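Undergrad: Chains as they are written, first to last, in UniProt numbering: chain W, 1 to 529; chain D, 1 to 188.
If you're looking for bench data, these hints aren't it; they were derived computationally from the structure. Among the clues, some could well be false.
[Claimed, not checked] Rough simulated footprint, nothing fancy, chain W against chain D, three-plus residues with beta-carbon under 8 angstroms: (1) 8-14; (2) 22-29.
[As the list claims (entries may be wrong)] Going by beta-carbon spacing under 8 angstroms, a handful of chain W positions derived as facing chain D: (3) Gly-472; (4) His-520; (5) Leu-527.
Please read these numbers as outputs of a predicted model, since none were measured by experiment. The beta carbon of each residue, even a glycine, is placed where N, CA and C say it ideally should be.
Spelled out from the first residue to the last, the chains are:
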Amino acid sequence: MDCWHFVEVAPSGQPILREGEKDILIEQVVGLYNDKRKILNCQKGRVFLTSQRIIYVDHLKPTKNSVCLELDDIESIEYSSKFLRRSARLILFLKGGSDRNGSFNREVETVTSSWSCPICMVTNEMEGSLTEHTEPLPICINCGVPADYELIKSSINISKDVNECQTGDENSCPACTFINHPQITNCEICGTRLPTGMAQKRRPQSSRAFKDTRVQLELEQTPAKVDPDRTARFVQVSFRKSDGMLFTQATAKSLEDLKKAGMSTLFNKNLVSVDGVPVNYDYSKELPILETKLNKVGIASLESSRENQLLKNDILFNSALTDLNKLMSLVNDIEALYAGHKAKLIGEGKELQKPLLIIDREKFCNRSSFLDEIARDIYGFAISEFKDNEERIGYGMITLVDLYAMYNKSMRIGTGLISPAEMREACERFNELNLQDLKLTRINGRVLCLASDHSLAFLRNKILSVTESNNGCDLLQLTQFLNQGGSNSWTIGILTEVLQDLIEKGDLVTDEQISGVYYHKNIYWPLQN
Amino acid sequence: MSNQSELPPIYSFPPLYTRQPNGLIRRQQINSWIEIILQYCISQKCWRMTAEGMPVGEPDVTKQSIFNNSSIQRVVPQVFVDEIWSQMCEEGKALGVQDGKRDSSQFYILWRNLDSWASLILQWFESSGSLNQVITIYELSQGDGTADWEFHGMPEALVAHCLKPLCQRNRATLIKDERGIAVATKVV
Chain W
1 MDCWHFVEVA PSGQPILREG EKDILIEQVV GLYNDKRKIL NCQKGRVFLT
51 SQRIIYVDHL KPTKNSVCLE LDDIESIEYS SKFLRRSARL ILFLKGGSDR
101 NGSFNREVET VTSSWSCPIC MVTNEMEGSL TEHTEPLPIC INCGVPADYE
151 LIKSSINISK DVNECQTGDE NSCPACTFIN HPQITNCEIC GTRLPTGMAQ
201 KRRPQSSRAF KDTRVQLELE QTPAKVDPDR TARFVQVSFR KSDGMLFTQA
251 TAKSLEDLKK AGMSTLFNKN LVSVDGVPVN YDYSKELPIL ETKLNKVGIA
301 SLESSRENQL LKNDILFNSA LTDLNKLMSL VNDIEALYAG HKAKLIGEGK
351 ELQKPLLIID REKFCNRSSF LDEIARDIYG FAISEFKDNE ERIGYGMITL
401 VDLYAMYNKS MRIGTGLISP AEMREACERF NELNLQDLKL TRINGRVLCL
451 ASDHSLAFLR NKILSVTESN NGCDLLQLTQ FLNQGGSNSW TIGILTEVLQ
501 DLIEKGDLVT DEQISGVYYH KNIYWPLQN
Chain D
1 MSNQSELPPI YSFPPLYTRQ PNGLIRRQQI NSWIEIILQY CISQKCWRMT
51 AEGMPVGEPD VTKQSIFNNS SIQRVVPQVF VDEIWSQMCE EGKALGVQDG
101 KRDSSQFYIL WRNLDSWASL ILQWFESSGS LNQVITIYEL SQGDGTADWE
151 FHGMPEALVA HCLKPLCQRN RATLIKDERG IAVATKVV
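Only chain W is shown next, with the shape it has when bound in the complex (with noise of 0.2 angstroms):
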């Protein structure tokens, strides 16, 4: 069970990635398996393959029961095919599983003893506590004699560990040297895995010490008598919709990209070559310049072999800078864009947001899944851009225009657009997916606005209040009454299509000038009904 961590999910569905861990593949209508139970409240939802963790993002209540799996733990993993009722499984078996039976080592270790040695008065240590049934007994380290307990008893000083602390200080990221908290998995300055971390987890003192209370996972209860001891340490993921091939391959990858990246850290990182010879040269790359080819024989051939080489190699350069010039001025145009994007977010005092998850076309295999995850991101997206305005008065709404305008140049560069068509069919989904919190809503019947609870109402009454109080008023000086704060919470076309609304439903009456139209309330004709 403890190889279950909590994960942070977003309100909108979306895992909390670390800082540089990068998503490759999700997968839709998932159940988890511990060892051969069922885990009761997982059994339905998606699964993210990250390039650290598995996670588990439950479909009904996301910020409660997910769950994700370090990909450090794994050991190996084995794919099930679907039989019969079976569902394809992928099964995880978990690293660790041999240390389990050591249960009685586990409390010595955290203990060190020391005795002095009758004969030569030395002050011996030993790991563990030292009793009457230690087996062997220790031997002093100076004078070579094994000790008599008898003897011994009275000087033994049996301590904790207190020191645990210091080899935790050890707990530097190998990626920026940060000096980690011991009890910490990954860097929390760059999200590197620690390896003292991986190592730590597994010496036991760190499981007894810490208990992740926020993972509450109900095992189903199997009839069939389970020895905890013996308990295999696996657990599984079944597909219930896909047949999971592809999760498992990718799964697979990314353990051996890891396993490959744990082995550069070791040895030779960074190296490019070595004793002249290029390390990670990909040889299959090479120019393929020899001509094999000769129509004519001896030196004149070898000759107008060798400038036809010359000439394709020349021309093979010159495709290559052209290409190599071509994707610098891209990448100084994208620059571009995302350094005046920032700086104009920046005026507006907000926070540059990031993507939390990369969301590309290709990695679903239809239309709908990637709308799924597109709502998510869409929902996640608006409910950051309300928050400031949340957090004052406690409602948003925006149009899908500007939103679409906005999500699109924020968040999807660099994977691809989304149509229109796309970003309103996701915004259609929004209830499906069980997030409430916005929602997708028509104003005078042609405008789709997304819009939190009850915002519409409120701003019917706070535009009715405020043509009250001032007598009358044109759309500039709402909008300044509105906005007061700075924050361009309300925008000009949205209040637009509410006054619009309000005129006909008879609340506000006009009053057009050559200056423009003033609003003022209507308090001469009431409307019957």
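Following the hints, complete the assembly by docking chain D onto the known chain W.
TA: Only chain D this time, still in chain W's reference frame:
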């Protein structure tokens, strides 16, 4: 207008001067206008107005349209004024000067409808003992005998209009001059 104190507070409500886009509201707005016009005419004893909203007849009335409120600088556009007149004629609260047409350039303002004027005139005939006598229209509208009556001062053409319902009930006969204009009546 000069005597704004006699007009309701809605008269200085700026949206009154804009044709409201909402149909239901606009109907009420027009009703408000009709009430304003009637109230104004009762208080001013004004029987006729031009299509622009100027009172006609009284020489001492300031020549400013009722549809022009200089204190809040609002004017009703002519298109909307026409709409108000047309609605007023439909409800029988105004009558085009030229043969009762709705698009005439002047309107009689009827703060009572024609039938009610007719019965008021009949009441005068009965109370003053003038039944079965020939009474001129001039006498009816300007004569001393009607000075205390509400229809005193009514334009003669309008009096003739008001007598028409009596004619239909065969209570009155109109006596016309050679040009076909009613000059006298006899009520039986």
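Undergrad: May I ask which of the numbered hints given earlier this structure violates, with the numbers listed in increasing order?
TA: none
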